[in-house]
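Enquirer: Construct the complete structure from the given sequences, taking the supplied hints into account.
Heads up: the sequence lines are chains A and B, in that order.
First residue of the first sequence: 1, per our numbering; consecutive thereafter.
First residue of the second sequence: 265, per our numbering; consecutive thereafter.
Hints are supplied without guarantee of correctness; some may be wrong.
Claimed, not checked - Pairs of lysine to aspartate or glutamate residues, derived as EDC-like cross-links and limited to a Cα-Cα distance of at most 20 Å, are as follows:
(1) 323(B) x 359(B)
(2) 162(A) x 280(B)
(3) 72(A) x 280(B)
(4) 332(B) x 422(B)
(5) 73(A) x 280(B)
(6) 109(A) x 32(A)
(7) 443(B) x 359(B)
Honestly, the hints are just simulated from the structure, not real lab data.
None of the values given here were measured: they were computed from a predicted structure.
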Amino acid sequence: MLNAMAAGTLVAIACGIAGTFMVLRGLAFLGDALAHGVHPGVASALLWGFPGFVGASLSSLAMIAGITWVTKKSRLSADTAIGLLFVGMLALGVVIVSHSQSFSGDLVKVLFGQFLGISSFDLVIQSSVTLLLAVMAFVLRRPFLLLCFSEEQAQVSGYSAKLFHFLLLVMIAMTVIVSFQTVGTLLVFGMLLAPAATSTFLSRQLGSMMMIASGFGTLSVYAGLLLSYHFNLSAGGCVVLVAVGIFFIVFLFSQRSRQEHFHG
Amino acid sequence: MVEHAITLKEASIGYDGRSVLSGLNLTLPQGASLALVGSNGSGKSTLLKTLAGLLPTIKGSVEILGDKPGRQPLRISYHCQFHPNSFLLPLQSIDVVRMARFPVRGLLGRFTKEDENIVRESLAYMNALELSEKPVNALSGGQKQRVFLSHTLARKADLLLLDEPTAGLDVYGAELYEKLILRLKHEGKTLLVATHSIREASQCDYVLLLASRVVAFGTPAQVMTPANLLDTFGLVAQFSGTDLLIMDNHYRSDHA
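Expert: Okay, here's the thing in structure tokens:
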């Protein structure tokens, strides 16, 4: 249980950092696609017996390269390119899974995570990647913020919009890869999105947004694990449900305080 | 040798290899102000984006402050026409203005008291200090424009590229902008302003009339002739010194 709580906290911190940039830059759909796009890589890893995070990394790289290529070479909008790669990778994952009869148990773990099956080695990997994400966010916060404001302003300020957009995608992909084992590929997107979206109601500054997002994420992990333990429910599902629940509570309060401010 | 602010030689500019303006030849001295005037799609924004380093030059050569576009981020500031993400960005307005100082301080350099003073002074100049703590996505169009102009000012650049800077501004905001232009000229800054406003253009040292080609280039009095205005806008009009008096408003279909 201690390992589960530590892993959940690390997921919350990683998702709080990458998710805040994802929300500010308006990349929620891309985050969703990356989270689901790791399926073929993870399924291949299970099939051929290499580590899941290696397969997830290869899948993420293929997704990023594919989206960039289609957006650049065609006149299609980015969301069309993302959607195409999203369903394509998901379908490939389904095909690979259907190829093997012995997948069902492992597949459930991939989709919904295995909070209670996290080893100490997994925790070391998770801690290292989370630390790397925090360092990247600190060092690159200025070009990332400019990018969130305007690609043109980032470029004119001397920061290559293409390079820093790519690095932002890499950060989101790293978060997905390091988190899917704990919360699952279906639910990691919820942890990326819900706490970060909640934090935008409560703060107007990047650093505090990330801290609030990580805090709400951690709270969701502990409350979700408690619910899961007492009612014998899916741990990953409970954690994300709590995160989305917190979003709606804060959203309703912020609407109310806005109305009071407006009328008062 | 005196460094020119802008030098274009037989330049072709446009998008994805397709020219919007071709064979451009232009030299602008440092400290001068130039208004780019023309109807929609005439090439004003394309020229500013090329000079800002956002679009590659298709043919010929383009130099800005003695270098290729995009090479001197500290000396050039660009105010773009439209910020698509500004409707969503929940960040404080003052943080958006602070972003103008990022290239000055680099990735890890600490913000100084001087940076903070420049940011506040820029906001004050556009009367936007009271908007400092408001999120950008909660501002009206005119308020956003004042904050974005403050951002452009806060770079403290030698050359400013302004794409329709008065769009969305009310009468008071436009007055602030006029004062700002006078101040920047007094400080010796080079200004390039894309505008639909003849009044705004008449305040600049030079005017470049565009209609997917160069119609005329010179001082406002030289350039704003009825023949040139007919060629640019398809309007029979007369320039009164600060305003355009439209004598006949039948818009020529070949200017659409």
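Enquirer: Any hints this thing doesn't respect? Which numbers, in order?
Expert: Going through the list in order, the structure violates hints 1 and 7 and respects the others.
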